[in-house]
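Peer 1: Numbering follows the working numbering, in which position 96 of the sequence shown is assigned residue number 220; successive positions increment by one, without gaps.
Keep in mind that the hints are not guaranteed to be accurate.
Unchecked claim - Between beta-carbon pairs, the in silico distance windows are:
1) 178 with 200: 27 to 37 Å
2) 222 with 200: 24 to 34 Å
3) 222 with 275: 41 to 51 Å
4) 173 with 209: 49 to 59 Å
5) 281 with 237: 48 to 58 Å
6) 284 with 217: 56 to 66 Å
7) 144 with 201: 18 to 28 Å
8) 182 with 217: 31 to 41 Å
9) 152 with 182: 20 to 30 Å
10) 266 with 210: 38 to 48 Å
11) 169 with 225: 48 to 58 Å
12) 180 with 147: 19 to 29 Å
13) 295 with 275: 40 to 50 Å
What the hints assert, rightly or not - The calculated SDA-like cross-link candidates involving lysine to any residue, where the alpha carbons are at most 25 Å apart (straight line), are:
14) 192 with 242
15) 289 with 239
16) 249 with 267
17) 192 with 147
18) 254 with 270
19) 292 with 256
20) 192 with 160
21) 254 with 240
22) 292 with 280
23) 267 with 277
24) 249 with 293
25) 281 with 300
26) 246 with 276
27) 299 with 250
28) 254 with 287
29) 242 with 288
30) 242 with 292
31) 242 with 287
32) 292 with 211
33) 299 with 238
34) 242 with 300
35) 246 with 215
36) 289 with 265
37) 249 with 228
38) 289 with 268
39) 281 with 269
40) 249 with 285
Derived from the structure by calculation, the hints contain no laboratory data. Values in this document were obtained by computation on a predicted structure and should not be read as measured data. For glycine and all other residues, C-beta sits at the position ideal for the given N, C-alpha and C.
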Amino acid sequence: MGKTRNIMEIDQIFMTHRERFVRFADSYVHHIEAAEDIVSESFLHCWEQRNNLIEVNDIAMYMLVIVKNRCLDYLRRERVRDSITEDMLSDREWELTMRITSLEACEPETLLRNEVQKLIDKALKQMPEKTRNIFVMNRYEWKSYQDIAQETGLSIKSIEYHISKALKVLRHELKDYMPTFLFALHFLNS
Numbered sequence: 125m126g127k128t129r130n131i132m133e134i135d136q137i138f139m140t141h142r143e144r145f146v147r148f149a150d151s152y153v154h155h156i157e158a159a160e161d162i163v164s165e166s167f168l169h170c171w172e173q174r175n176n177l178i179e180v181n182d183i184a185m186y187m188l189v190i191v192k193n194r195c196l197d198y199l200r201r202e203r204v205r206d207s208i209t210e211d212m213l214s215d216r217e218w219e220l221t222m223r224i225t226s227l228e229a230c231e232p233e234t235l236l237r238n239e240v241q242k243l244i245d246k247a248l249k250q251m252p253e254k255t256r257n258i259f260v261m262n263r264y265e266w267k268s269y270q271d272i273a274q275e276t277g278l279s280i281k282s283i284e285y286h287i288s289k290a291l292k293v294l295r296h297e298l299k300d301y302m303p304t305f306l307f308a309l310h311f312l313n314s
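Whole structure, please, built from the sequences with the hints as guidance.
Peer 2: Quick look at the structure:
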């Protein structure tokens, strides 16, 4: 008989107090659908535990405690979710700040000059050693054709040939950067 009484009481409490419990839950979770879910889950829990509720004096109060605890669980989950979202936003904000700072500090001329210099260095490594050395002596060490000819024992015509050969390789490697290359050559010759 006690089991039957509890079943009827649970049904009656559901019918009588459902809206009040939903308003109670919503006053804390501020989300009506979540509040309705919390109340439904609480009543379902009471229904599933009905055989253990024989000694409970006030089932409505018992259900309200369950609703309260489920609201607390919901709010704790929300806090964790918000914290994770905040961390993700914080990480994203940091990343964007770093990108902006990096871009603001970026000097396109320096980047382009460095890129061109890397291409020049790569092209120089591909040249025959004698051509490379003659080009470096002329363009980086500021030596004249005559000084290079005396130092290497080659004729001035040979030096001109090697410089011409090096410039041809560089023109080919830097065809996409020709205005910058001309600037760099001017800079090297200044």
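Peer 1: For every hint, state whether the structure bears it out.
Peer 2: To see whether the hints hold, each was checked on the structure:
no. : hint                     : result
1   : 178 with 200: 27 to 37 Å : 31 Å, holds
2   : 222 with 200: 24 to 34 Å : 33 Å, holds
3   : 222 with 275: 41 to 51 Å : 50 Å, holds
4   : 173 with 209: 49 to 59 Å : 35 Å, violated
5   : 281 with 237: 48 to 58 Å : 33 Å, violated
6   : 284 with 217: 56 to 66 Å : 59 Å, holds
7   : 144 with 201: 18 to 28 Å : 24 Å, holds
8   : 182 with 217: 31 to 41 Å : 50 Å, violated
9   : 152 with 182: 20 to 30 Å : 21 Å, holds
10  : 266 with 210: 38 to 48 Å : 59 Å, violated
11  : 169 with 225: 48 to 58 Å : 53 Å, holds
12  : 180 with 147: 19 to 29 Å : 23 Å, holds
13  : 295 with 275: 40 to 50 Å : 26 Å, violated
14  : 192 with 242             : 67 Å, violated
15  : 289 with 239             : 22 Å, holds
16  : 249 with 267             : 20 Å, holds
17  : 192 with 147             : 12 Å, holds
18  : 254 with 270             : 16 Å, holds
19  : 292 with 256             : 12 Å, holds
20  : 192 with 160             : 13 Å, holds
21  : 254 with 240             : 22 Å, holds
22  : 292 with 280             : 18 Å, holds
23  : 267 with 277             : 14 Å, holds
24  : 249 with 293             : 11 Å, holds
25  : 281 with 300             : 30 Å, violated
26  : 246 with 276             : 24 Å, holds
27  : 299 with 250             : 16 Å, holds
28  : 254 with 287             : 10 Å, holds
29  : 242 with 288             : 20 Å, holds
30  : 242 with 292             : 17 Å, holds
31  : 242 with 287             : 19 Å, holds
32  : 292 with 211             : 55 Å, violated
33  : 299 with 238             : 16 Å, holds
34  : 242 with 300             : 14 Å, holds
35  : 246 with 215             : 38 Å, violated
36  : 289 with 265             : 18 Å, holds
37  : 249 with 228             : 34 Å, violated
38  : 289 with 268             : 17 Å, holds
39  : 281 with 269             : 9 Å, holds
40  : 249 with 285             : 18 Å, holds
Hint compliance for this structure: hints 4, 5, 8, 10, 13, 14, 25, 32, 35, 37 are not met, and every other hint is.
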